[in-house]
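Enquirer: Protein chains in written order, with our numbering: chain L, 1 to 318; chain Y, 319 to 844.
Hints should not be assumed to be uniformly reliable.
[As the list claims (entries may be wrong)] Residues from chain L shown here face chain Y by an in silico Cβ test under 7 Å; the list is partial: (1) Q14; (2) P64; (3) N92; (4) Q93; (5) F136; (6) A140; (7) I144; (8) P170; (9) A171; (10) Q174; (11) L257; (12) G258; (13) P262; (14) F280.
[Claimed, not checked] Simulated DEER-style distance windows between Cβ atoms: (15) N732(Y) / R17(L): 55 to 61 Å; (16) N667(Y) / L296(L): 41 to 47 Å; (17) Q441(Y) / L167(L): 29 to 35 Å.
Note that these hints are calculated values from the structure, not bench results. All values derive from a computational prediction rather than experimental measurement. Every residue, glycine too, gets a C-beta built ideally from N, C-alpha and C.
The chain contents come next:
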Amino acid sequence: MTDAVEPAPQSAPQPTRFQRFARSDLLWSYLRSPVAIVSSIVATVLILAAILAPWLAPYTPFDPATLNLMDGFTPPDSTSFAGHYFLLGADNQGRDMLSTIMYGSRLSLFVGFSATVLAAGLGVGLGLIAGYLGGFVDAAIMRIADIQLSFPAILIALLIFGIARGLIPPAQQQNAAVWVLIIAIGLANWAQFARTVRGATLVERRREYVAAARIMGVRPISILFRHVLPNVLGPVLVIATIGLALAIIEEATLSYLGVGVPPTQPSLGTLIRTGQQFMFSGEWWIVLFPAVALVLLALSVNLLGDWLRDALNPKLRR
Amino acid sequence: MSKFLARAAGVLLGATMLAGVAQAETVRWARASDALTLDPHSQNQGVTHNLAHHIYETLVDRDTAGALQPRLALDWYVKEDDPTVWVFELRQGVTFHNGNAFTAEDVVFSLDRARSASSNMRQLHATVESVTAIDDYTVEVKMSGPSPIYPNNLTNTFIMDKTWSEEHDLQEVQDFAAGESNYAVLNTNGTGPYMLVSREVDVETVLALYEGHWAETPPEVTEIIYLPIADNATRVAALLSGNVDIVQDVPVQDIERLSNTAGIRVETGPENRVIYFGYRFGDEPLRSSNITDRNPFNDPLVREAMALALDRDAIQQIVMRGYSIPTGVATPPFVDGWTPELDAYEPANVQRARELMAEAGYANGFTVTLDTPNNRYVNDEAISQAYVGMLGQIGIQVTLASRPIAEHSPVILNNESDFYLLGWGVPTFDSAYIFNDLIHSKTETHGTYNVGLYTNPELDEMIISLATETDETVRDATVAAIWAQVQEDRVLLPVHNQVLAYAMRDDITLAVHPENQPLMTTVTFD
Numbered sequence: 001m002t003d004a005v006e007p008a009p010q011s012a013p014q015p016t017r018f019q020r021f022a023r024s025d026l027l028w029s030y031l032r033s034p035v036a037i038v039s040s041i042v043a044t045v046l047i048l049a050a051i052l053a054p055w056l057a058p059y060t061p062f063d064p065a066t067l068n069l070m071d072g073f074t075p076p077d078s079t080s081f082a083g084h085y086f087l088l089g090a091d092n093q094g095r096d097m098l099s100t101i102m103y104g105s106r107l108s109l110f111v112g113f114s115a116t117v118l119a120a121g122l123g124v125g126l127g128l129i130a131g132y133l134g135g136f137v138d139a140a141i142m143r144i145a146d147i148q149l150s151f152p153a154i155l156i157a158l159l160i161f162g163i164a165r166g167l168i169p170p171a172q173q174q175n176a177a178v179w180v181l182i183i184a185i186g187l188a189n190w191a192q193f194a195r196t197v198r199g200a201t202l203v204e205r206r207r208e209y210v211a212a213a214r215i216m217g218v219r220p221i222s223i224l225f226r227h228v229l230p231n232v233l234g235p236v237l238v239i240a241t242i243g244l245a246l247a248i249i250e251e252a253t254l255s256y257l258g259v260g261v262p263p264t265q266p267s268l269g270t271l272i273r274t275g276q277q278f279m280f281s282g283e284w285w286i287v288l289f290p291a292v293a294l295v296l297l298a299l300s301v302n303l304l305g306d307w308l309r310d311a312l313n314p315k316l317r318r
Numbered sequence: 319m320s321k322f323l324a325r326a327a328g329v330l331l332g333a334t335m336l337a338g339v340a341q342a343e344t345v346r347w348a349r350a351s352d353a354l355t356l357d358p359h360s361q362n363q364g365v366t367h368n369l370a371h372h373i374y375e376t377l378v379d380r381d382t383a384g385a386l387q388p389r390l391a392l393d394w395y396v397k398e399d400d401p402t403v404w405v406f407e408l409r410q411g412v413t414f415h416n417g418n419a420f421t422a423e424d425v426v427f428s429l430d431r432a433r434s435a436s437s438n439m440r441q442l443h444a445t446v447e448s449v450t451a452i453d454d455y456t457v458e459v460k461m462s463g464p465s466p467i468y469p470n471n472l473t474n475t476f477i478m479d480k481t482w483s484e485e486h487d488l489q490e491v492q493d494f495a496a497g498e499s500n501y502a503v504l505n506t507n508g509t510g511p512y513m514l515v516s517r518e519v520d521v522e523t524v525l526a527l528y529e530g531h532w533a534e535t536p537p538e539v540t541e542i543i544y545l546p547i548a549d550n551a552t553r554v555a556a557l558l559s560g561n562v563d564i565v566q567d568v569p570v571q572d573i574e575r576l577s578n579t580a581g582i583r584v585e586t587g588p589e590n591r592v593i594y595f596g597y598r599f600g601d602e603p604l605r606s607s608n609i610t611d612r613n614p615f616n617d618p619l620v621r622e623a624m625a626l627a628l629d630r631d632a633i634q635q636i637v638m639r640g641y642s643i644p645t646g647v648a649t650p651p652f653v654d655g656w657t658p659e660l661d662a663y664e665p666a667n668v669q670r671a672r673e674l675m676a677e678a679g680y681a682n683g684f685t686v687t688l689d690t691p692n693n694r695y696v697n698d699e700a701i702s703q704a705y706v707g708m709l710g711q712i713g714i715q716v717t718l719a720s721r722p723i724a725e726h727s728p729v730i731l732n733n734e735s736d737f738y739l740l741g742w743g744v745p746t747f748d749s750a751y752i753f754n755d756l757i758h759s760k761t762e763t764h765g766t767y768n769v770g771l772y773t774n775p776e777l778d779e780m781i782i783s784l785a786t787e788t789d790e791t792v793r794d795a796t797v798a799a800i801w802a803q804v805q806e807d808r809v810l811l812p813v814h815n816q817v818l819a820y821a822m823r824d825d826i827t828l829a830v831h832p833e834n835q836p837l838m839t840t841v842t843f844d
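Looking at chain Y on its own, in the form it has when it is part of the complex (with noise of 0.2 Å):
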């Protein structure tokens, strides 16, 4: 009922527009989810950062290649006597929504607020000590030893009023996990190119432009109501039937029929996420298999044969229709450390897989259960259905266990699961944040991805290394001897990087953003 209404409510909303003003673009966007929270500092989530953007501002951007671009800060550098602390040049002449003027107070607020204690932002900034202003437009960033990458954690850290914030006492970051809410979870005060008219969560978001941005040339879109549509048919019937402009989350299945829909276009491109199965380690045995006396995932030769065994071609062809990029490395290219050779990888060979299963001593294969989110990458349950089919042809006997992402995540995360599915995404653009949560050994600030518990001491020591490593040359190198060594002990089992299809009507163009961020300041009009 109320999806109905809501409907009509978007029909009658978009009727109304068309008779008002020429000039005026509005956008109906529609997506899968809605964002979770508009405390800009509460939930570190794809969803609700990309409908943050539209409201707040980061100090650096990113384009769309990956490179770093200036936003509410000007300039950075490492200060000239001292490595340890960054230097940030602020824009002049920024107001918030409010007509507040935005100054260093608001990125020192704004910095600090993120790494406080419930803040999701935290784990970006763990290295930060103090962050001072030194002048209206110049802020310090004290890190506890040199942090050649920091810039690179700030692109979703946003900006906010210290004002208006202490007015609405919002020192504090909203808990999200306990439940609470505050004062910024509906209300909005950023510099950020639209102005939040009305929030109905779950429903409908609608943003205005701000004529107060400092941007020279003002976005053709003018006005943003942003729906959330949970149901894939319904999303795309909406699209088909008029009623949203831009739908963002397009199954893959309705991709052809979209394309060949007059009045309408899709543009698909890839995404900064990397798909990948992986497994326990150790000698311990599993918990979901009939081995009971050892773990045949520790055995080299069984990680061979089950790299043998995944056909990434016949996934791509039948379960992503064409719409992903097989990979044989668990990064994808847009970060730096990816190499051609890296990701290539060998093309599935049962025979083989087979003779190494008998070598490894498991001519009758062995049972294990493998633990798949069934609502979160595009496709997933379908990718381990057709992986279980692929590991039965080498006698590798496998029980599937599909749980929403709600459910899947502390599965994952509290390392309950011997064989699992997980997704990647990497918004530094660089292999160190890879490393960090998925190779290094699990410790209290590491390995919080490394759902195996692979552990390799000298490794461990080399990624530590990357986070104060200044020389560029020395740093490149370790990154290729850590991907070296994850490949030869096939820590991860990757099968593709994502590839992401945004439909829209035919006169709009909106290109596909690698991070799955897309700005409605980008979007054009014929």
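Bound-form chain L, shown alone (with noise of 0.2 Å):
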């Protein structure tokens, strides 16, 4: 009975959050995974980059007061008219590439990321809502979210940013530019999460911990947000990952047909947009450095989102 005394072994804790990951499936197939471990890398890079551009950019664009136009069209790799060096090269405001891409992606993650959110935010709810409730709540939602999906994203996200410009006064346009758009892409993004998670509800709520909860009294609010979402978020994690890198690239599109943010703080479509009129006059630089940013980061979070899919989902599993 002396064994009876002795702590909890050792040999056998309770398994960390860590340890617990590192045994994960997912680690595995993360590891396994080429593909993952670049893409991974690469959208790190970048994204610490864009985060930490006030302290890393060696110039800061978003500053007119800084700028002085003689240095415009400085090639890559030069000192310009002012005596800066521009390892690559000055748009035709005499702005650093280098800086002016990072403070863009800054912009452009910023505006995915919020877009992203508040799709997510807004589909998981009126997902969770039209599974559990279904009936006529359930077709209502549904049917629209059917609606919203037979246009391309872009047309509806155009259209929002349409009608959001008639309703704000044209002297406080521009400082609402950047939140106009992340609504107006989080809008146009919200059906895909819906439908995912109305889905996934319906099947939940059949559940024998549904019907527990259900009878032992506890509010239908509470039954949907602590016990059925967290059972729902897996799928909801993919397509986040992927919506992020589809709404910075919506982000793009929107700046580059010249209705996203203001051309003094450039996001990367409004670099490409001014960038690409140079392209015959033999100034590369100013369309090309952006471009290759905005390919990066899409693709690399685009394929991270790819491999999330395929890691969680148990029948891909080998």
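Hey, can you piece these two chains together into the complex? The hints should help.
Expert: Here it is, written out as structure tokens:
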């Protein structure tokens, strides 16, 4: 009986979160996927460069007072009129391309991330309600989603953008531009989330634990968010990752069309829009570098999303 | 897809032409946008007039130096015993494309139509009281008072065939803004050198030589294929690949490359158009500023500081790549009233500008929004963006609101802007046209583009007097006095006069037209 007083043996501790993760299928699958490793490294580098732009970037291109117009069109790896060294050259306004891309991807990521959070929040909420309540509410929400899915997301975003412009007085429009973009892209993308979550909720709500909770008198709202939600989050994570890449591209498209953020605070799309005018005249660096940054960012996030989908899908597991 | 088809069709058509007649000269003419309509009185807009000038004709015309010259009218003068009547003597033996003879009745019909309710040409005929045919080839226009410059207003008012117009119910002008259409939008019957063969809006318009035209020597170009290509790069590529012969709207950044390309030449020349910044006057605080108890732009020191912050030479060199003519006055040199003294500008001086800002009590600057179009003038958005940087250096933090012209215009016309960029062309080649719309206080008839609501009753009086002043010396003195006051008050902040560039096959000669309305009749081949 001496064994009985022994404390919990050290050889079999409760696994820590990290240990659980280290033994999980997710890490196993990650370490065996070169695509996932490379794209996560690229994405991390780009995202860190964007977040840390105010400390890492050699210049502050968003402060017009520091610019010298005479530096315009300085080629890559050379010293400008005003004596600055520009590794990736300068654009038509004399902004250092490297700094501008870092600040620009910061804006692109901020818009993409916020829009995805908005779309996910909205979609998950509506999907849960539709799936759990069923009936008329379900039909109404899902038909709205169907209608919206039959239009390209970019068209919806343009429409929302146009309406917002009509509602906001011209003097305030520019200050609101980023938020309008986030709302436009967010509202354009909620339907995918809602569909997926509704499907999962339909399955979950027939489970015993939901019935048990109901019998115990738990309020529907807490059943939904405390019990059903955690069980439907897996697919949401996958859609959100791919949705982030899509939102970044949508932001770039809107800005490329000239309806996004102001050119004094360019996102990647705005940079590409201004840069493409100079393709014939030989100033290739103004369009090339932002375009490469955008492709790398969108591609790496997208590939990560793809990998995550495969990794979380038991049917694809070997 | 449709672009590809159009291009394919162009190539095919071009190939057929080459294989066909050797004498006939076809010109494929590309520019950034299409004419908005073919109804000649529906839109007072340069691109629309440019195409219309090939099909329809006006009473008077301008040579490239800006002097009036006869077209359908051979002579015009103020009636001897009545200074309020203009007499026009018409050209004889002119026929419309359908064979109808051109007479005074057609002029009466057309001028009445041009000043009717939904006409966009109305303001140019605002002082006309009545138009009468005296005989088949004489027309009298009765004005509400002496109107010495009235013939200058006629250079874009086209003459239609009365009989044909009545046959097709064209008494009313197409109300473009209301989205209406009529027979004349896609069909024409003018007296001009070319007849409409086919038109596909925004894709292709084909014109063929009108054999019965009155000109003694027919133009060298016998067929025009007019191709609107909106995208800059695509338009330039079309010329490089030989799919078009003339490109009218050449982006400044591509001028050098095109000039250096074998088989292509570029013609450049000044346009009769000035680009300027404007700001809001009056005590009322700005809508977009952090200064909420007063209007910083109303302080002359701030306006002077803003002028000193504007580095026109840097904008010319970098943004415009040398293709602009910096100026200190909001009128192009083509216009009566322009002088080299007005045109001179102080070089940028940031140090002095900062001192002035401090003196005005804005040592810490202020914030404001600048409204700019991004598809109307040459590099409009880039000019504004450059100025935002320059203003940043004297503490004025500017948010740039960049919009397509279709969105920019309402903001401008409804006076919703605190600070804006605009361009002004002067089709009458007279300062009064500038004063009427930009300087005169905003009323129903005047000050349409007085966006900053500048007001000076004394100037208003002088501006109104210009319309009826017949003594040229007095009139010139008044114009000079108005300009002096406008400069002193810094009502507008001019940047430069626009320079145009046309690129073409190197065996073609086409001179730059100061109103950007080149006529294919002036094209010659080597």
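Enquirer: Would you mind marking each hint as holding or not holding in the structure?
Expert: Results of checking the hints against the structure:
1. A distance limit of 7 Å between C-beta atoms decides the matter here; for Q14(L) the minimum to chain Y is near 55 Å, and the interface restraint is violated.
2. Against a cut-off of 7 Å between C-beta atoms, the interface hint on P64(L) holds, since the closest Cβ of chain Y lies about 4 Å away.
3. Of the supplied interface hints, the one on N92(L) holds, with its beta-carbon coming within about 6 Å of a beta-carbon of chain Y, less than 7 Å.
4. About 6 Å separates the beta-carbon of Q93(L) from the nearest beta-carbon of chain Y, less than 7 Å, and the hint is met.
5. At its closest, the beta carbon of F136(L) sits 40 Å from a beta carbon of chain Y; the interface hint therefore is violated under the 7 Å criterion.
6. Interface restraint check for A140(L): the shortest CB-CB distance to chain Y comes to about 35 Å, outside 7 Å, so the restraint is violated.
7. The closest approach between the C-beta of I144(L) and any C-beta of chain Y is roughly 29 Å, which is over the 7 Å cut-off, so the hint fails.
8. Look at P170(L): its Cβ gets to within about 5 Å of chain Y, closer than 7 Å, so that hint holds up.
9. The beta carbon of A171(L) comes within 4 Å of a beta carbon in chain Y, closer than 7 Å, and the hint placing it at the interface holds.
10. At about 4 Å, the closest approach between the beta carbon of Q174(L) and any beta carbon in chain Y falls short of 7 Å, and the interface hint on this residue holds.
11. Checking L257(L) against chain Y: minimum C-beta separation of about 10 Å lies over 7 Å; hint violated.
12. Checking G258(L) against chain Y: minimum C-beta separation of about 6 Å stays under 7 Å; hint holds.
13. Taken as an interface hint, P262(L) checks out: its beta carbon lies about 5 Å from the nearest beta carbon of chain Y, inside 7 Å.
14. Against a cut-off of 7 Å between C-beta atoms, the interface hint on F280(L) holds, since the closest Cβ of chain Y lies about 5 Å away.
15. At about 60 Å, the beta-carbon gap between N732(Y) and R17(L) stays in the expected band of 55 to 61 Å.
16. For the pair N667(Y) and L296(L), the beta carbons lie near 44 Å from each other, so the given range of 41 to 47 Å is met.
17. Remark: the range hint 29 to 35 Å for Q441(Y) to L167(L) is upheld by a beta-carbon distance near 33 Å.
Violated hints, in rising order: 1, 5, 6, 7 and 11; the structure is consistent with all others.
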